[in-house]
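Numbering-wise (our numbering), the sequence shown opens with residue 491 and increments by one.
I should point out that these hints are in silico values taken from the structure, not numbers from a laboratory. Among these hints, one or two may not hold up.
Stated by the list, open to error - Quick list of simulated restraints, FRET-style, between CB atoms:
id: 1; residue 1: 524; residue 2: 557; range: 28 to 34 Å
id: 2; residue 1: 616; residue 2: 546; range: 41 to 47 Å
id: 3; residue 1: 615; residue 2: 552; range: 35 to 41 Å
id: 4; residue 1: 512; residue 2: 617; range: 14 to 20 Å
id: 5; residue 1: 592; residue 2: 548; range: 16 to 22 Å
id: 6; residue 1: 494; residue 2: 563; range: 20 to 26 Å
Yeah, the Cβ is synthetic: ideal placement off N, Cα and C, and Gly gets one too.
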Amino acid sequence: MTPYVILFLAGLVGVLAALAHILTARAETGNPLLAALLAAGFGFFTAVTIARDGVMPVWVNHTSNLWGIQVWWDLLFALGIACFFVVPRARAQGMAVPLWLLFVAATASIGLLAMVARLFWLERRTTG
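Taking the hints into account, I'd like the entire structure generated from these sequences.
Set out below in structure tokens:
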């Protein structure tokens, strides 16, 4: 098994564990520390990837074939759906939504994880 396959499978296992937790937990808000750690960890992984491979592979991966376009659109749809659900809660907490959305647009999941970490922290602060 190659390191890339291991990373692929680790991501799948992580998401399945997260979905299982979401399905079974009854928490009213998420864990701000976990979201912040995921943002930092994925940000670090992304920085290492950019340092090693540069940014052009992103363009090549998403413009070379229909699978690349499909993955790109899937990312855009997922971010749009997430923002649809997150933004009203962020506004209710007084967050600077336009600035956060610029960060999300520039960094995708990294920015979104940081945004929800802040949102979860604010929600926990106001709900006790």
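Hints, one by one, checked against the model:
1. Remark: the range hint 28 to 34 Å for residue 524 to residue 557 is upheld by a beta-carbon distance near 31 Å.
2. As the Cβ distance of residue 616 to residue 546 is approximately 44 Å, the hint placing it in 41 to 47 Å holds.
3. The hint said 35 to 41 Å for the Cβ distance between residue 615 and residue 552, and at roughly 38 Å that hint holds.
4. At about 19 Å, the CB distance of residue 512 to residue 617 agrees with the hint of 14 to 20 Å.
5. Checked against the hint of 16 to 22 Å, the C-beta distance between residue 592 and residue 548 comes to roughly 18 Å, which is consistent with it.
6. A C-beta distance of roughly 23 Å is found between residue 494 and residue 563, which places it inside the suggested range of 20 to 26 Å.
Of the numbered hints listed earlier, not one is contradicted by the structure.
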